[in-house]
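> Protein sequence lines, in the order shown, are assigned to chains X and B.
Heads up: the first sequence begins at 165 in our numbering, then just goes up one per residue.
Heads up: the second sequence begins at 10 in our numbering, then just goes up one per residue.
Because the hints were derived from the structure by calculation, they are not lab data.
Among the hints, a few may not be true.
Each computed PhoX-like pair below joins lysine-lysine, with the alpha-carbon atoms no more than 25 Å apart [as the list claims (entries may be wrong)]:
hint, chain 1, residue 1, chain 2, residue 2
1, X, K227, X, K337
2, B, K226, X, K319
3, X, K254, B, K230
4, B, K139, X, K210
5, B, K230, X, K312
6, X, K344, X, K312
7, B, K67, X, K234
8, B, K139, X, K209
9, B, K136, X, K210
10, X, K210, X, K220
11, B, K226, X, K254
12, B, K139, X, K227
13, X, K308, X, K319
14, B, K138, X, K234
15, X, K210, B, K226
16, X, K227, X, K299
17, X, K344, X, K220
18, X, K209, B, K136
19, B, K67, X, K254
20, B, K136, X, K227
21, X, K234, B, K230
22, B, K136, X, K234
23, X, K254, B, K138
24, B, K230, X, K227
25, B, K138, X, K209
26, B, K68, X, K210
27, B, K68, X, K227
28, B, K68, X, K209
29, B, K68, X, K319
30, X, K210, B, K138
31, X, K319, X, K276
32, B, K230, X, K326
33, B, K139, X, K254
34, B, K136, X, K254
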Amino acid sequence: MKILLSSLLIVVCSLGTFAQKYMQTTSSITFFSSAPLEDIFAESKKSKSILDINSKDIVILMKPNTFIFKNPMMQEHFNEDYMESATFTKATFSGKIEGAFDVLKDGIYPVKVNGKLAMHGVEQLRIIDGKIIVKNGVVSIEAKFAVKVADHGIKVPSIQIKNIAEVVEVSIKITYKELKTK
Amino acid sequence: MKRIFIFVLFLLTISTYAQDDLLAALEAEDSISAGPVVINSTWKSTYLINFHTSETEKKGVLDFRIAHRFGNIDGLNGGGHTLYGLDQSSNIRFSFDYGITDDFQIGIGRSKMEENIDGLVKYKFLKQKKNGMPLSLLLMASVAFTPKEDVLDYYSNAAHRFSYYNQIIISSKLNSWFSGLLNVSHFYRNLIVQSADLSLPRDVNRIFGVGLGVRTKLTRKLSLVGEYAYSFNELRNSEYQYSHPLSLGVEIETGGHVFHINLSNSAGLIGQDLINEGPDNWLDGEFKLGFTISRVFAI
Numbered sequence: 165m166k167i168l169l170s171s172l173l174i175v176v177c178s179l180g181t182f183a184q185k186y187m188q189t190t191s192s193i194t195f196f197s198s199a200p201l202e203d204i205f206a207e208s209k210k211s212k213s214i215l216d217i218n219s220k221d222i223v224i225l226m227k228p229n230t231f232i233f234k235n236p237m238m239q240e241h242f243n244e245d246y247m248e249s250a251t252f253t254k255a256t257f258s259g260k261i262e263g264a265f266d267v268l269k270d271g272i273y274p275v276k277v278n279g280k281l282a283m284h285g286v287e288q289l290r291i292i293d294g295k296i297i298v299k300n301g302v303v304s305i306e307a308k309f310a311v312k313v314a315d316h317g318i319k320v321p322s323i324q325i326k327n328i329a330e331v332v333e334v335s336i337k338i339t340y341k342e343l344k345t346k
Numbered sequence: 010m011k012r013i014f015i016f017v018l019f020l021l022t023i024s025t026y027a028q029d030d031l032l033a034a035l036e037a038e039d040s041i042s043a044g045p046v047v048i049n050s051t052w053k054s055t056y057l058i059n060f061h062t063s064e065t066e067k068k069g070v071l072d073f074r075i076a077h078r079f080g081n082i083d084g085l086n087g088g089g090h091t092l093y094g095l096d097q098s099s100n101i102r103f104s105f106d107y108g109i110t111d112d113f114q115i116g117i118g119r120s121k122m123e124e125n126i127d128g129l130v131k132y133k134f135l136k137q138k139k140n141g142m143p144l145s146l147l148l149m150a151s152v153a154f155t156p157k158e159d160v161l162d163y164y165s166n167a168a169h170r171f172s173y174y175n176q177i178i179i180s181s182k183l184n185s186w187f188s189g190l191l192n193v194s195h196f197y198r199n200l201i202v203q204s205a206d207l208s209l210p211r212d213v214n215r216i217f218g219v220g221l222g223v224r225t226k227l228t229r230k231l232s233l234v235g236e237y238a239y240s241f242n243e244l245r246n247s248e249y250q251y252s253h254p255l256s257l258g259v260e261i262e263t264g265g266h267v268f269h270i271n272l273s274n275s276a277g278l279i280g281q282d283l284i285n286e287g288p289d290n291w292l293d294g295e296f297k298l299g300f301t302i303s304r305v306f307a308i
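Between the sequences and the hints, there should be enough to build the whole structure, so can you do that?
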């Protein structure tokens, strides 16, 4: 009885917060490493995200093995030697958006996101500057930030220090659409 | 579809939507849409020591290899007079391998042994997957041509100069540090030269064989590798001086290079030579130091 009541309560509550969650339609996460001997660039278009405009929560799920490199050898090293993608299959970011924005009004809203970046099995608290862009009613986000690989327990052997940067630049672009049910 | 519906429903009914719940929802959705993950990096390169591994060159990658085998450390032509084989080169092979697609590779090479010029195709038609297919399966076919001078008048016909080596490769990455492979090979020579000693079993054109290869990762950049090939052939298992090829080595990787140092009783670098030649025996100290350098180019 209790369960029935509480689940009824949940459903009733959820009706009030109906249609405030947004899910990604397209996503692009890139990383760029610039070292004396070579620049390395890779992109993944397979990340997933949910944006809750009511509670201002945002979560992003990214899988290291979906990154595409120009050089297949680099892709292998990225997964095998550094990200250890077989063990750490995903990286996540979950945070709260600080700053005002209105999804019903076109505009570019600079915001800060305060949250947790979990990668290679290590969590780091981060405050990331980004933008929420509303254009013709379509909501998207953009952010660019630096990740120090050592912060996430990723070791770059000294022999490769000229090939791989100690701080890599990560860019995120995600477009959303409202989640609806009929 | 039903699961996605449940997922959406679940998403909508989280009234106390903490970020962890959102993340859990996202992960649940992801596990629905994503298929089994292909297991990569079973081997460091497309060759183990002399065997082919279950790796193929990725699309657009050119792999240039130089393989060198010195002479016997001890035993026949070994010992101090040849500085334990270092004065000699039993075999040298230069090769280029290229990936047409991520699963299909072609290659050419030239060996010092028999002056063999070889070409190969390799195709991966089953891939090992996490929580799915437990192994990878490949087919490799190669042909070698020897342009040797015909001093003994063996090659009355150009076709006599050809030999073929085909292989099925079954491989599995058992865990993050251990990979194994099993191969079944078919070797055919258009020309064989019989021994004058009639008490020995006669040699045959067609020989079947099996091989076993392993790799143990010690660190991210360093592995131990080993391989053994056995032939189902009367002559090669008789009193006739022949030892099945056994090779052991270390594999070091630095950026775009893979470097091998190994010890082997056989100097063969392609299947044709590996099975064909083999009088040298580990127990008599007749094993050779060898190295292989591989450099890959993305073109």
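> It remains to establish, for every hint, whether it holds in the given structure.
So, going through the hints one by one against the coordinates:
{"no.": "1", "hint": "X:K227 - X:K337", "verdict": "15 Å, holds"}
{"no.": "2", "hint": "B:K226 - X:K319", "verdict": "17 Å, holds"}
{"no.": "3", "hint": "X:K254 - B:K230", "verdict": "23 Å, holds"}
{"no.": "4", "hint": "B:K139 - X:K210", "verdict": "19 Å, holds"}
{"no.": "5", "hint": "B:K230 - X:K312", "verdict": "22 Å, holds"}
{"no.": "6", "hint": "X:K344 - X:K312", "verdict": "38 Å, violated"}
{"no.": "7", "hint": "B:K67 - X:K234", "verdict": "11 Å, holds"}
{"no.": "8", "hint": "B:K139 - X:K209", "verdict": "22 Å, holds"}
{"no.": "9", "hint": "B:K136 - X:K210", "verdict": "21 Å, holds"}
{"no.": "10", "hint": "X:K210 - X:K220", "verdict": "23 Å, holds"}
{"no.": "11", "hint": "B:K226 - X:K254", "verdict": "23 Å, holds"}
{"no.": "12", "hint": "B:K139 - X:K227", "verdict": "15 Å, holds"}
{"no.": "13", "hint": "X:K308 - X:K319", "verdict": "23 Å, holds"}
{"no.": "14", "hint": "B:K138 - X:K234", "verdict": "24 Å, holds"}
{"no.": "15", "hint": "X:K210 - B:K226", "verdict": "30 Å, violated"}
{"no.": "16", "hint": "X:K227 - X:K299", "verdict": "28 Å, violated"}
{"no.": "17", "hint": "X:K344 - X:K220", "verdict": "18 Å, holds"}
{"no.": "18", "hint": "X:K209 - B:K136", "verdict": "23 Å, holds"}
{"no.": "19", "hint": "B:K67 - X:K254", "verdict": "24 Å, holds"}
{"no.": "20", "hint": "B:K136 - X:K227", "verdict": "20 Å, holds"}
{"no.": "21", "hint": "X:K234 - B:K230", "verdict": "22 Å, holds"}
{"no.": "22", "hint": "B:K136 - X:K234", "verdict": "22 Å, holds"}
{"no.": "23", "hint": "X:K254 - B:K138", "verdict": "17 Å, holds"}
{"no.": "24", "hint": "B:K230 - X:K227", "verdict": "24 Å, holds"}
{"no.": "25", "hint": "B:K138 - X:K209", "verdict": "22 Å, holds"}
{"no.": "26", "hint": "B:K68 - X:K210", "verdict": "21 Å, holds"}
{"no.": "27", "hint": "B:K68 - X:K227", "verdict": "22 Å, holds"}
{"no.": "28", "hint": "B:K68 - X:K209", "verdict": "20 Å, holds"}
{"no.": "29", "hint": "B:K68 - X:K319", "verdict": "29 Å, violated"}
{"no.": "30", "hint": "X:K210 - B:K138", "verdict": "19 Å, holds"}
{"no.": "31", "hint": "X:K319 - X:K276", "verdict": "29 Å, violated"}
{"no.": "32", "hint": "B:K230 - X:K326", "verdict": "17 Å, holds"}
{"no.": "33", "hint": "B:K139 - X:K254", "verdict": "15 Å, holds"}
{"no.": "34", "hint": "B:K136 - X:K254", "verdict": "22 Å, holds"}
Of the numbered hints given earlier, the model fails hints 6, 15, 16, 29 and 31; all others are met.
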